Amino acid sequence: MANSAVSLNIPDPATQADMETATDVTKVVTPGRVKFHPGACKVWGNVTNSGGGVPALQASYNMTSIADTGTGQITFTIATDFSSVNWSCTASGKRPGGNSGGYIQQQTKDVGTILIYTFAGGSSTSTFEDWDIIDMQGLGDQ
Amino acid sequence: MEKIIYTRESDGGLNVIIPASKADLERVLGPLTDEQYEQHVWQKSIPEDAITPTSIADSGIPTDREFRDAWVQNGGIINIKMDIVIPIHMNRIREMRQKKFEEMGFPQRLNPQVEAAILDEPTRTELQRLRDIPQTLDLTVAKTPDEIKALWPIGVNMHPIYVK
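First to last, the protein sequences are chains E and X.
Per the numbering used here, the very first residue in the first sequence carries number 1; after that it's consecutive.
Per the numbering used here, the very first residue in the second sequence carries number 1; after that it's consecutive.
These aren't lab readings, by the way, just hints derived from the structure by calculation.
Treat the hints loosely; a few may be bogus.
[Said to hold, decoys possible] Selected chain E positions facing chain X (in silico; Cβ < 8 Å):
{"id": "1", "residue": "A22"}
{"id": "2", "residue": "T26"}
{"id": "3", "residue": "H37"}
{"id": "4", "residue": "I66"}
{"id": "5", "residue": "T69"}
{"id": "6", "residue": "T71"}
{"id": "7", "residue": "A79"}
{"id": "8", "residue": "T80"}
{"id": "9", "residue": "S84"}
{"id": "10", "residue": "A91"}
{"id": "11", "residue": "S92"}
{"id": "12", "residue": "D135"}
For clarity, every value in this text was computed on a predicted model and none was experimentally measured.
Glycine included, C-beta positions come from ideal geometry on N, C-alpha and C.
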């Protein structure tokens, strides 16, 4: 095979600022900087409750801990905080016994914590209830 | 790493901290020694006004959550406070008694004169018995959660939280 010069045009890696601006279409994304894109999930956690003892944090990303605050009340503590309280939280779950109804709501939200309530019914007079599964995800600027 | 308990300054309630795994945290924070991992969890999870934060072994945590809101800290273990258990249990009786009223077709209290005019004596007696439960059922005789669960009024379905 004859020697020949090969010109490789390797794009520069995107910086944190590039990722946060999210408009450049010429640079490459590296695994450690995906999290800086505004569309990327910054924190998530999967919590299960078997009905005994305390809930378990089965898997998570950027989560320091959960706090069992009471029946139907779990506080999520984030490892690297958001830059403001205006981050977006989504939570869902599964009621015990496969029951339908009930509702889940965010209560107190800060840059590094969020308290999630789960209820047995769908009205303001409903009682707190421990759910079998609670999933929480958060997006926003850190 | 063990769990951590502390008493909330705001309302005297108990928080139990369940740390994320070290491996999960290292994906964000980078490699951590065990000491750095524990230091991070304590610094981020324990508020400044927390009262007597303490590590707790799993053996010190109650094995069921029927009276979770009555958990109180006693050093490095959790006790269940009966003064709080009693109103929790009575509220559950009231909740199920209301369902009984609805089953009977009387979700609201009737004017006594109307009730006397439209209901037969056995039905009125049963309604009154149900209404009097908070006064006639003495829950203070119970000394443990198991004892209080046995104090459940006749004719009222058991609360689902006690049905395993």
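How the hints compare with the structure:
Below 8 Å, beta-carbon pairs count as interface contacts, and A22(E) has none with chain X, the closest being about 20 Å; its hint is therefore violated. Annotation: T26(E) was flagged as interfacial toward chain X, and the flag is violated, the nearest CB pair being 28 Å apart, outside 8 Å. Interface hint at H37(E): violated, since its Cβ lies 15 Å from the closest Cβ of chain X, which is beyond the 8 Å cut-off. Below 8 Å, beta-carbon pairs count as interface contacts, and I66(E) has one with chain X at about 5 Å; its hint therefore holds.
Among the interface hints, the one on T69(E) holds; its C-beta lies about 6 Å from the nearest C-beta in chain X, closer than the 8 Å criterion. Look at T71(E): its Cβ gets to within about 5 Å of chain X, closer than 8 Å, so that hint holds up. Using the Cβ-Cβ criterion of 8 Å, the hint placing A79(E) at the interface with chain X is satisfied: the shortest such distance is roughly 5 Å. The closest approach between the C-beta of T80(E) and any C-beta of chain X is roughly 6 Å, which is under the 8 Å cut-off, so the hint is satisfied.
At its closest, the beta carbon of S84(E) sits 18 Å from a beta carbon of chain X; the interface hint therefore is violated under the 8 Å criterion. Interface hint at A91(E): violated, since its Cβ lies 17 Å from the closest Cβ of chain X, which is beyond the 8 Å cut-off. The closest approach between the C-beta of S92(E) and any C-beta of chain X is roughly 20 Å, which is over the 8 Å cut-off, so the hint fails. Violation of the interface hint for D135(E) is found here, the shortest Cβ-Cβ separation to chain X being roughly 15 Å, above the 8 Å cut-off.
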